[in-house]
Amino acid sequence: MDGFKLTWSVVVLVGLLVTTVNVAAWKKDEFRRCDQSAFCKDTRNREPGSSNLEVKDLKIADGVLRARLVPSDAGGGGTTEQGGGGGEEEGDLVLEIKAYKNGIVRLKVTEEKHPEKRFEVPDVLVKDLEDKKLWLQRFVEKDDGSSMVHLGGHDVILQHKPFQVHVKRGSDLVLSVNSKGLFNFEKLREKKEGENWEDRFRTYTDSRPYGPQTVSFDVSFHGTEHVYGIPEHATSLALKPTKGPNISSEPYRLFNLDVFEYISESPFGLYGAVPFMLSHSADKSAGFFLLNSAEMQIDVLASSWDTTPSIEMEGEGGSSKLLENGNKEKIVDTHWIVESGVFDAFVFVGPSPKDVVTQYCAVTGTTSLPSLFSTAYHQCRWNYKDEADVAAVDAGFDEHDIPYDVLWLDIEHTDGKRYFTWDPILFPTPKEMQAKLSAKGRHMVTIVDPHIKRDDGFPLHKEASSKGYYVKDSGGNDYDGWCWPGSSSYLDMLNPEIRSWWADKFSLSSYVGSTPILHIWNDMNEPSVFNGPEGTMPKDALHYNGVEHRDVHNAYGYYFHMASVEGLLRRGGGNERPFVLSRAFFAGTQKVGPVWTGDNTADWTHLRVSVPMCLTLGLTGIAFTGADVGGFFGNPDPELLTRWYQLGAYYPFFRGHAHLDTKRREPWVFGEPYTTLMREAVHSRYSLLPYVYTLFKEASVTGVPLMRPLWMEFPEDISTFERDEEFLLGPSLLVHGVYSQGATSETVYLPGTQKWYDVKTGATYPAGQKVNVPVTMDGIPVFQRAGSIIARKQRRRRSSTQMETDPYTLVVALNSTYEASGELYIDDGKSYDFEQGAFIHRQFKFSKGRLTSTTLAPVKTGSKVFTTSCLVERIVILGVRAKDLAIGKNAIVEHDERRIETDIGPPLLQRGASSTALILRLPNVRISDNWSIKLV
Amino acid sequence: MGIAPRELGFFEAATAGCKDTSQRFSVERLNDNFCDCLDGTDEPGTSACPDGKFYCQNAGYVAQFVFSSRINDGICDCCDGSDEYEGKVKCGNTCWEAGKEAREKLLKKLAVYKEGLIIRRKEVQNAKVLRQQQEIEISSLRKEEKSLVKLVQNLKAAVDKVERQEQAAKEKREKLEADQKVKNEKLASSALEEGTSAHEEKVSASDSSLNADVVEADTFEIDNDHVVDGSHYGDTGSGDGFGLDTSNEYVPEEVTEEEEPDVAQLSKEEMGRKVASRWTGEDTGLHRSEESSHQQEEAVDDSDQIEHEAEHDDEDDFDGGDEDEDVYDGDNYSRDEDTIYTEEHQPSKPFISSKQDKSAWWTHMFSVPEMLRKLFTSGPADKSEAEQVRKQYTEATGKLSSIQNRISELDTKLKQDFGKEGEFSYFYEQCFELKVKQYVYKVCPFKQATQLEGHASTRLGNWDSFQDNYSAMMFSHGDRCWNGPDRSLRITLQCGPKTQLQNVDEPSRCDYVAELTTPAFCSESRLQELQQKLDQQLAGVHDEL
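Quick note, the sequences are listed as chains A and B, same order.
For the first sequence, position 584 matches number 583 in numbering that gives the first Met the number 0, and the numbering has no gaps at all.
For the second sequence, position 86 matches number 85 in numbering that gives the first Met the number 0, and the numbering has no gaps at all.
Incorrect hints may appear among the rest.
[To be verified] Only pairs whose alpha carbons sit at most 20 Å apart, straight line, appear in this in silico EDC-like list of lysine to aspartate or glutamate:
id	chain 1	residue 1	chain 2	residue 2
1	A	Lys190	A	Asp205
2	B	Lys18	A	Asp205
3	A	Lys888	B	Glu136
[Stated by the list, open to error] Sample of chain A residues lacking proximity to chain B, with all beta carbon distances greater than 10 Å (derived):
id	residue
4	Lys160
5	Gly440
6	Thr604
7	Asp660
No lab work stands behind these hints, which were simulated from the structure alone.
We treat Cβ as the ideally placed atom computed from N, Cα and C, and that holds for glycine.
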């Protein structure tokens, strides 16, 4: 891990110097460091081995393994861990171990005495999770003082004294909890005489009425050197160590915050939090998820952070062997420090990276299948000023023949930042405005934030306050914070009743001026409170059932997002897919909608960091993501903007956005050659929509993201583990951004053993090595993997809506055995009829000179059918034998003996493409049919 | 299908080449709904090639090319409906109505052009005459300047001589005094102490009165000559060393006050506003931008507000005076650049910026008190002669300076770009205003453009140049925006019978655009183009009929 030697402090400083383009940049002082938080300060420095719990009363009931964790009298620490004082009055800790199908183990520790006061996060786990529960029958008690549960393929080993949990796959140790002895669960207790629980930061005082309740522990990932995940941080994909010899950085912080002008390369928390970490090595992957929405700080510990021997496990063969190997065991230790709540953890045993993500998504849900239009290009700006501006921007796209699907309105469209209203002067006829967009098959998005203007003339506020729907301050009054509208209150979205009430506000009758093509954007839902501590709500604010904001903070934005999505679902009678973009997120957000990486900046470092940020989100289940193309703050020069469009075309969520103070930057503003370049970039996304949509389908079923680290497809290739300047879009496309001014070539690493085809020129590059690829302003390096087939629609249209009946192109990239395969999923792109079988799922295979199309859809799964008359107009075959690449070759559609012409042509209909591929002209077979075409 | 008539021949041979010469294709492949040429040559009538163009004849109106992306996409684009031949949508033929409307518009426009052109011709003629007059004036002024320079030199020599004499006399007197003093001291060694102290008191009293006079003179000069800078804009001037602390009600520390006040001092609401302002750049009144004094003027601080209002009242009076161009002509410093606007918004610069100003300024600052001092210290004997010479010298330099100012003024004007025919000459020293909501936009070509809101004024830009073949005027480097660029204003010109500012807009924050209709833009050649366009359309209609 040589590359990780830079300490955070240095990196942060350099980052600041580089990115300080504006007078006011990221204000570090306004955010707490670990040592400025009561719960984190001392916990972070706990000594390994200080945990002194032991397992008692182990038993199985209802298919669940249960035990008590009690302080060990002979514990190494000597003193009792939890607060001394009324120790004997406190109840014990209770441990539960559950298992679910397909390699998922759940470990839960909570208080026996105060379970109701320890918050457990609702509505994150999938509803049918308990259906997948494995009924534990028995455990094996070993002589060495441990117990083991066999789960078929993997085992859980519970060491009794001291309490440790180890998860093995076969004989291979995968993950351990508390093997470093850092587990500590501060039980709730009475305040001692003269004790002060208040926590002060700057001018704010957190009353902490329940006192210390920290949950902290260590998790070790065995046999690996790399861990990933725990968004959201603007940093590298592979998580750099934060603590250890010669490394002193802040821990990775998970605390949803609206950070003004965030910088790249920092462990400080941003808008969202997913407490899910993955490890990967050449032979295995594993995952650990903590279901807890309180603030947490996570240290990734550098090797030899702890000079004591790494593991003290008795018995169990596998681990003993590891011990014999001495210090050679590769391991990543992590230390998790959580302010409150319970220890409710899920362990995913893999073995492959895709397995881990799928296991995680089996628990928290998969990305909901988006509407087709929302996978196309979005045009946003703070703000399109008025209806004339909207019309002009819409016309600008048509005039320059640049496709787009969605036009967005930021906060200025409202009447004084009262959401669900329109500025009567600037937007007097919102329905007509939407009708004009709709006539071109386009959609609109308006912003709806969670802060409600405290204005008695605003019915929404009146209703919410009279119903008591706002979050309360620690004194029990409606919490009054400051946001865009000025004095504002915040709806208590933890309460399902309030979420339901909120959902009804999106009905066409309630949201005056809305039409069915109007979708929603939830911003500021961390929640952002301009005059609150660290720009958010005080932790002692009170929610539904007296839950402190401290407990629910990281999930607040998720509940708000969920309620808005429910609103659009109801509006569409349950059969229209909603689109709601959110800035804040939590584990499970993928079930409701997309997120973006927040307020980035128009500079090259932010372009660069957008890739690891989106990759990390994808790994943690949130597949529908993207960064603001162009950078939100600041003015990109045309080269940077062009590069951003070229990369953004491969983000799952593709939206151009800009700050109020920036210059206009719609893709034609800079004139030629940039208009053409950006048109081509946007069109390249449209041309790939059939492929992208198929990937979304895959994500919605398996959880496997669209944007994948190279090692997700090539798990054994160790040189990919720290690579995050390039990524795979699905299994078949490799994308490498251009992140510097004036670049003329890029070094691209091509994984695997099969060659890669430049998508535009068809030029081939060898795999398993770095290659030097020349670049011009015409595009960034993009390659198709040999052995894959990608479906495209190459005709340019105004929006995805007009592409519906357009014919397909199949790009067949042959591997070394002249074979290839690929998939295509099609449905109506907007309803849930696919759940009743209304979809087409095709498999294409090329082998022995024959391309065949067969169905992958199960035989009749529901009552509904989807049909399409779309044809295949073009088949492009890359990498045919030299003798086959000749004019005059023929191909035959086998079922009707129809002869089709061939030609030599470009792989793509794009300026600058070269004629390197065998082209089958106008096969005109239906995309939905079974057919085969043979080269003769 | 989709081919322009003039290109039909191109496709008549058995094979044709893609226009980008990348390929050749046989006639069967023309419009076969398969793209062979990347540039779309072979598919003018289908949507197969992304970069293709479709020709709609649009009989009754104007023929048109539409993007291939529009063909059979279910949206009517050509007024004859020919782009939707697959029938996904039924498109009526609206060319006749569209043509009629377009022709009516053209006719109206033509009428405007004709009217404007008459005015324009007149203005061009006026400009020519004016220019000749000014050229004559400047050459005669240059002659006068030459002789004056000589006179000033001579007078300077005379003044120097007088001053040398005075100096000699002074030295002599001082020597006498010194001798006297030595004598006195000898006497004083036996004298009473009271006597000595009385003498010293007397000396120091005369010293202080001398100092007081000098200061008074200084103050007087500054107040008169720099009423704008020194007193009305004392806040901005005080930081640069020339300010007059006594007459300045602004405490300098306020200006240099720490940018971000300690958050600990802020109320919750102030805190909210302050953080919000990071995104919006709106002034919260809680921090002062070092960039612009103007923002400070908007500060919410109550006491400040009142003081500013008072200042603005004065400023208004001054503005009134400024309308009269001649009021300050007699002054020794040029006013060609340093108008009140630039002064007001460039507090960071010394408030004297042109070289001429500087020399004039320094002359006044130091030469006058210097003379006074001399008069006090030199003997009264040759006072009247010396005064005479000095007076003549002062008068001559004054005259020279005012001639030089006029020359430079004329020079600046003659060098100004007034368009190909001088058609924009009459914009010189004119301003055009437009009121939009609470704002008044004031555009003064060749000077600057400002946005006025009540008493506050924001500079949108200094004159930059004409652009795009005299079809636009650019004002750049206006007041800096928070977190953003300098403000700028781009005015596109349109032909109209009167010069009128209209449609001011701010498409991106601080990036202003506007239109100016003016006869100056009603050119002969554009008129002819319009006429041709109309003729073509009419011919088209005629063919149809």
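Each hint tested on the structure:
1. A/Lys190 to A/Asp205: With a Cα-Cα distance of about 16 Å, the restraint between A/Lys190 and A/Asp205 holds, given a limit of 20 Å.
2. B/Lys18 to A/Asp205: This hinted pair is violated, its Cα atoms lying about 73 Å apart.
3. A/Lys888 to B/Glu136: violated (87 Å)
4. Lys160: holds (51 Å)
5. Gly440: At roughly 8 Å from the nearest Cβ of chain B, A/Gly440 sits no farther out than 10 Å, so the non-interface label is violated.
6. Thr604: holds (18 Å)
7. Asp660: violated (4 Å)
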